[in-house]
Amino acid sequence: MVKIMANNKPGFIARPMDTLKNSLEKNIMIDVKGSRSYSGILEGYDIYMNLVLKNVSETINGENKGVFDKMLLRGDNIIFISPSGGD
Amino acid sequence: MVKIMANNKPGFIARPMDTLKNSLEKNIMIDVKGSRSYSGILEGYDIYMNLVLKNVSETINGENKGVFDKMLLRGDNIIFISPSGGD
Amino acid sequence: MVKIMANNKPGFIARPMDTLKNSLEKNIMIDVKGSRSYSGILEGYDIYMNLVLKNVSETINGENKGVFDKMLLRGDNIIFISPSGGD
Amino acid sequence: MVKIMANNKPGFIARPMDTLKNSLEKNIMIDVKGSRSYSGILEGYDIYMNLVLKNVSETINGENKGVFDKMLLRGDNIIFISPSGGD
Amino acid sequence: MVKIMANNKPGFIARPMDTLKNSLEKNIMIDVKGSRSYSGILEGYDIYMNLVLKNVSETINGENKGVFDKMLLRGDNIIFISPSGGD
Amino acid sequence: MVKIMANNKPGFIARPMDTLKNSLEKNIMIDVKGSRSYSGILEGYDIYMNLVLKNVSETINGENKGVFDKMLLRGDNIIFISPSGGD
Amino acid sequence: MVKIMANNKPGFIARPMDTLKNSLEKNIMIDVKGSRSYSGILEGYDIYMNLVLKNVSETINGENKGVFDKMLLRGDNIIFISPSGGD
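Chains as they are written, first to last, in UniProt numbering: chain A, 1 to 87; chain B, 1 to 87; chain C, 1 to 87; chain D, 1 to 87; chain E, 1 to 87; chain F, 1 to 87; chain G, 1 to 87.
You can trust all of the hints, since none of them are fake.
Capping the alpha-carbon separation at 25 Å, the derived lysine to any residue pairs in SDA-like fashion look like this: (1) D:K33 x E:E58; (2) F:K33 x A:G75; (3) B:K26 x B:I47; (4) C:K21 x C:Y48; (5) B:K54 x B:N27; (6) E:K54 x D:I41; (7) B:K33 x A:G75.
Hints listed in this document are in silico derivations from the structure and should not be mistaken for laboratory results.
Let's have the full structure, built from the sequences with the hints guiding it.
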């Protein structure tokens with residue numbers, strides 16, 4: 001038995017886009033094709049999972065590569081997104 | 001002779017999205033391009049097979065790589081999804 | 001001279017999706033990108049060729065890799081599907 | 001000066017899908033990404049170039065790999081299709 | 001200052017699909033992903049750049065590989081098409 | 001609690017396309033698949049993230065490769081875009 | 001403050017397709033996936049960035065490979081397009 005509601009409690013379907021909405025202004029980690037990952041604060045997104053991030057650090061093949069004040073990350077290269085703290 | 005019904009008994013067509021619906025709140029294994037797999041509890045999904053997972057463990061090339069409280073996994077890198085227990 | 005009819009006799013066009021419908025509850029072999037193949041009983045499908053399978057065995061690079069009670073296999077990695085017996 | 005007509009005589013445009021229609025019940029060769037080719041009798045197709053084939057032989061890297069009574073071959077991996085005899 | 005007209009004289013926009021129309025019944029060379037090229041007479045095409053060709057010779061990695069009476073070449077692997085003579 | 005407004009202050013969703021609008025006439029860095037990056041002044045864009053740039057310098061595998069007065073960069077190869085200064 | 005107008009002066013958004021329109025009958029350089037580039041006169045284009053070119057020279061891995069009177073270059077392999085002179 002499954003109920004759909006707007007909130008996020010156990011027993012309810014969590015919609016993928018709601019995970020992004022709940023992560024706004026919080027730190028997230030984004031795993032990207034090509035052994036890349038990005039960590040930063042989510043400022044915005046659209047339905048393609050294009051993300052606006054601030055205070056971003058970039059890791060390629062496990063090495064710290066750069067720091068960016070602001071970044072627009074295209075959604076189509078993303079493998080997964082993980083909120084850093086409790087959602 | 002094929003009949004289509006909402007439930008999932010032998011002799012009836014199982015719709016792919018119903019497999020996800022029936023796996024909600026249960027543990028699933030997801031095989032992903034690039035020798036990756038993820039195991040966690042399915043909290044939600046959308047029509048693109050984007051998945052919301054919790055208590056996720058990541059395996060890359062057979063090695064345990066990480067644990068994530070929560071994850072939004074993009075559907076377009078998925079090869080297959082397997083429910084862990086009886087559906 | 002070509003006639004289109006709902007059945008599947010010689011001289012009539014076989015529609016690709018009918019091949020899936022005729023394979024329901026039967027064993028099929030699925031060849032997938034990345035030197036993978038899957039063999040199992042077809043329980044369902046959708047227009048994207050996403051498949052619901054049961055009693056699935058997985059072969060990667062010619063080696064038996066795993067057995068799955070149930071699997072949702074994404075259509076977009078499939079190269080071909082072959083019914084095991086007469087269609 | 002170009003005229004468009006339903007038949008296929010010299011001086012008229014041959015529509016790609018007509019090439020498939022004219023190959024029904026005939027042997028065709030299909031070249032597929034990944035150094036694969038398939039040869040078999042075309043039983044059906046759809047607008048995505050998904051093909052239904054029977055009596056199929058598979059060649060990978062120039063080696064005979066298998067024989068299949070029936071096959072549903074996805075269109076999106078196809079490089080070209082060649083009718084074996086005169087069209 | 002740019003004018004759009006149906007013909008193809010200097011100073012007018014040449015529409016890509018017109019290049020195909022003007023090449024009907026003429027020899028063209030098609031460069032395809034994977035170090036392949038095809039040379040043959042264009043008999044037809046559709047809006048996806050799927051091509052119907054006759055008297056086709058295939059070159060892979062600079063080596064002559066085969067000759068085909070007729071071929072349906074999928075448009076999505078094409079890099080470029082070049083008419084052999086003046087258009 | 002999330003509010004959506006046209007401006008860009010903390011606490012409001014930043015839409016990805018607004019990041020591009022706010023970068024017009026400013027220097028941006030674009031990371032592109034294939035170990036490439038481009039730095040130049042953004043003159044325009046469309047909904048596909050195709051960019052018009054001027055005074056562009058190209059870096060491939062960490063080496064300066066070229067300078068371009070003007071460039072139309074296709075959006076579908078972009079990994080991320082980063083404004084150089086404060087947005 | 002951003003104004004949108006049909007011309008191309010500083011302070012106005014340059015639309016990507018306008019860059020192509022302004023390059024008609026002029027020489028452009030096209031960088032293509034697979035270490036390829038093409039240089040020639042732009043005769044036409046469509047919304048997919050498919051280009052009609054004349055007097056084209058091809059460079060692969062830095063080596064001059066061929067010259068083509070006329071070419072239809074598919075848009076989906078293009079990385080960037082650069083007008084040779086002032087736009």
